[in-house]
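> What follows is each chain in one-letter form.
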Amino acid sequence: MLTNRSKVVVKKEMNFLERIYLPAILGGLAITFKHLFKKAPTVRYPEKEREVSAVWRGQHVLKRDDKGAERCTACGLCAVACPAEAITMVAAERKKGEEHLYREEKYASTYEINMLRCIFCGLCEEACPKEAIFLTDRILETDYGREEFVFGKDKLVERVDARIDVSKRQTSAVREFKQLKQLSHNK
Amino acid sequence: MISSFLIYKLILVVVIFLITLLVAAYSTYAERKVAAFLQDRIGPDRAGPFGILQPLADGLKFIMKEEIIPNVSNKFLFILGPCIAMMTALMAGVIIPWGGTLTINGESYSLQIADLNIGILYVFGVVSIGVYGIMIGGWASNNKFSLLGAIRASAQMISYEIAMGLSIIAFVLTTGTLSLGEISAMQAGGEGNAWNFWNVIYQPLGFLIFLICAFAECNRTPFDLPECETELVGGYHTEYSSMKLGFYLFAEYINMFVSSAVISTLYFGGYNFPFMNNLGLEPNTITIIGTGALFLKIVFFIFFFMWIRWTIPRFRYDQLMHLGWKILIPLAILNIFVTGLIKILT
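Same order as they appear, the protein sequences are chains A and B.
Position 137 (the first sequence) corresponds to 137 in our numbering; numbering is contiguous.
Position 235 (the second sequence) corresponds to 235 in our numbering; numbering is contiguous.
Treat the hints with care, as some may be off.
Unchecked claim - To be clear about the criterion: a stretch of chain A counts as covered by chain B if any three or more of its residues have a C-beta under 8 Å from a C-beta of chain B, and this derived list gives those stretches:
hint, region
1, 54–62
2, 83–92
What the hints assert, rightly or not - For lysine-lysine, the following DSBU-like pairs were computed, each having C-alpha atoms within a straight-line distance of at most 30 Å:
hint, chain 1, residue 1, chain 2, residue 2
3, B, K61, B, K75
4, B, K75, B, K33
5, A, K38, B, K33
6, B, K33, B, K65
7, B, K65, A, K12
8, A, K130, A, K48
9, A, K67, A, K38
10, B, K326, A, K48
11, A, K67, A, K39
12, A, K39, B, K297
13, A, K34, B, K33
14, B, K326, A, K39
15, B, K343, B, K297
16, B, K343, A, K48
17, B, K343, A, K11
18, B, K65, B, K75
19, A, K34, B, K326
20, A, K67, A, K130
21, B, K297, A, K38
22, A, K130, A, K95
For the record, the hints were derived by calculation from the structure and aren't laboratory data.
Even glycine gets a Cβ: it sits at the ideal position worked out from N, Cα and C.
Make the full structure from the sequences, and use the hints.
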């Protein structure tokens, strides 16, 4: 024997009370009867919703900085990090007169996430060097076709007047990372 | 000449038919709810408040589905199978005394459609024909799994009918009559001790055997090998869709309802309830409350059927046959022996 965890099988003949099954059946009936009066742990969605943690991963958001310019620079690290290959983007160059819209010269003219492919793992959020993409605690709305689930920038970029609070997703490690001097250009 | 007797019987037939269908439909709802509560979850609760309209939704679903009849099947027999199952299931409801007698305008109307003097024998006859429904359905599907399911079902049903019949012989020795109306009347109870007259006291072993055989006749767990999904795909109703499948499933619930009614009538006093003659009520009121009491007993037995279903695993086929032939039949014969002995000695 390789371990001492093996148990020798004991095969006993059933005694009379076991063979007539009835006491065992009655015992079983008592057990199931008790379950009739236990509270079911079912959550009656959509009237009640299950509580989620502070860092629950829901729908994505592309954030803007304090001045209102989009942070995303279409570097493609999130697309590479995504294990489900859900993110696609097309980069474009910032023209004169658009400085207030985009932070750097490169920006994403088209940024699409296929929500049906997305597995909500959060690797894109971890990979982003510009703190542009975060996962919020919003739940996706249901819809009927496949095309409706490819979210473009209109659904992903947050509105200037309605910013989404992602402070709970920033752990102490993230905040420490932000204080590093080498990365002050990300502010 | 349509006499008032015939009209009354027709009305009674229609009423009992509708009540049977209603009870069977809500048995499906109760099955899902009871199963859910026994498994720490909640059953259907979206269709109407507390899911009350779920049977309606299920019925509508069955009607709207596509009727598929396999090309290689025997079309006439394919359609005949569920019809026989449904017909025999409903026919057995004719013989049950649903209440005492109502006296309206001086005429007494008995709440039993047909008080045959061979009552229980008729029930057995009808149930035996019910086996045909399953066999024909399995055979006509032209499918190995259906055939196996049908063979197992028919073997199981005829084996357990024997033990049932033998337990009824002992029962008849005690009551001296086969007619269900008289059996119910005999359990009416006397002054004070109304409980001693229920037949379960006189025939406990017979009741146990009858109960086990009733489970087997209705193809209910633990004897539901003919239709379990894990062993036989769907058994005899694999190839059925839409309303024919609905008929098979419905016939099973009607069988359950009728079996509960028969057990309540034979062993638990039928429409009698404790102290019924001592409360000083009008005869009509006693009859109506008696019918209510009968339905209470039936509901309890239907709940018992479902309770057992979600507690016990099912028997393997050879264990099933062993139980039917080698254990229940000798026990039933022993029961007859002991009952006869006691009858002679007293």
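> Now look at each hint and say whether the structure bears it out.
Checked hints:
no., hint, verdict
1, 54–62, "violated (count 0)"
2, 83–92, "violated (count 0)"
3, B:K61 - B:K75, "holds (23 Å)"
4, B:K75 - B:K33, "violated (36 Å)"
5, A:K38 - B:K33, "holds (14 Å)"
6, B:K33 - B:K65, "holds (24 Å)"
7, B:K65 - A:K12, "violated (52 Å)"
8, A:K130 - A:K48, "violated (37 Å)"
9, A:K67 - A:K38, "violated (55 Å)"
10, B:K326 - A:K48, "violated (55 Å)"
11, A:K67 - A:K39, "violated (52 Å)"
12, A:K39 - B:K297, "holds (27 Å)"
13, A:K34 - B:K33, "holds (15 Å)"
14, B:K326 - A:K39, "violated (43 Å)"
15, B:K343 - B:K297, "holds (29 Å)"
16, B:K343 - A:K48, "violated (65 Å)"
17, B:K343 - A:K11, "violated (45 Å)"
18, B:K65 - B:K75, "holds (19 Å)"
19, A:K34 - B:K326, "violated (34 Å)"
20, A:K67 - A:K130, "holds (15 Å)"
21, B:K297 - A:K38, "holds (25 Å)"
22, A:K130 - A:K95, "holds (21 Å)"
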